[in-house]
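Just need the whole structure built from these sequences, with the hints factored in.
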Amino acid sequence: MRPATKRAKIILFGDSITQESLSESGWGSYISNRYQRRADVLNRGFGGYNTGWFLKFAATDEGRADLFEHEGVRLVTIFFGANDASDPVLNERHHVPLGRYMSNLREIASLARSNFGPSVGIILISPPPVCHDGRLRYQKERYKDSATGELERTLELSGKYAAGAGEVAKELGLHFIDLWTTMQFTPSGGEREGWRDFLSDGLHLSALGSKFVAESLMGLIDRVLPGLSVKPCPYTDIINSGSLCAEIQQIGPWHDAIDHTQPEKSFPGN
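Residue 116 in the numbering used here is what sits at position 115 of the sequence shown, and the numbering runs on without skipping anything.
Just so you know, these hints were derived from the structure itself, not from any lab.
There may be inaccurate statements among the hints.
Unchecked claim - Label pairs and their in silico Cβ distance ranges: (1) G150 x K7: 51 to 57 Å; (2) P119 x Q250: 18 to 24 Å; (3) E142 x I259: 53 to 59 Å; (4) Q37 x E168: 34 to 40 Å; (5) P119 x S24: 28 to 34 Å; (6) L226 x L137: 36 to 42 Å; (7) R143 x P119: 40 to 46 Å; (8) G64 x P119: 20 to 26 Å; (9) G73 x P235: 25 to 31 Å.
Just so it is clear, CB atoms sit at the ideal spot from N, CA and C, and this is done for glycine as well.
So this is what it looks like as structure tokens:
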């Protein structure tokens with residue numbers, strides 16, 4: 002008889018790039034599909050938030066309940082920076098100084114560890130690059146004649162915050178995905194052709210960009226968290242009832258393990 006178990010959880014912390022991740026073709030949807038019947042993927046992305054506002058929310062009763070009162074959390078992603086890296090003059094509202102952004106990331110990681118346990122997997126994800134042409138085009142489409150033509154988010158600023166996130170990950174021993182670099186450049190260092198197509202408006206992810214993030218995330222899990230890695234069914238090479246995961250058990254016995262003449266014997270508690 003299989004021991005009773007509760008479904009594991011994966012929590013995604015972030016801003017709008019995370020909030021939108023469970024939409025059709027979103028990167029969170031890829032993760033949810035990979036962990037079907039093993040783990041619930043909880044989207045805790047907050048559009049327009051920077052790390053400071055996220056921590057303010059986390060300190061409230063509502064925030065603590067929403068973010069941290071969950072059992073069985075095996076993996077947490079922390080994906081901030083697109084708003085924090087806003088220009089301090091052109092977008093003072095969202096801007097968080099680089100040093101404070103790094104300090105805030107440390108605090109978010111500390112909260113994840115203290116609430117979910119020292120063995121929880123934590124993956125820090127850098128802000129993606131910014132496509133200037135895409136941002137200016139978005140301005141014109143949204144604001145028409147009121148478009149300023151000024152960039153309050155830039156490739157240079159997002160790069161500095163990506164580097165800062167990388168420093169925090171190294172300091173704390175966290176797993177890290179440097180989207181700013183890997184989206185723009187190939188492993189050999191050359192510019193990746195078509196990288197701007199990863200962004201729908203120069204800042205947020207397109208379907209292609211979401212797929213890139215999902216593949217980067219799942220690839221990292223395969224390499225550094227093999228116990229949480231889900232392998233496709235060896236016979237069909239797809240994620241289904243035959244997929245394999247060393248540390249996260251599926252919920253309910255697989256259908257082919259059920260004796261149809263005495264099904265109650267296959268279910269704990271009967």
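Practice problem: Could you check the structure against the hints above and give me the numbers of any it violates, in ascending order? | Solution: The structure breaks none of the hints.
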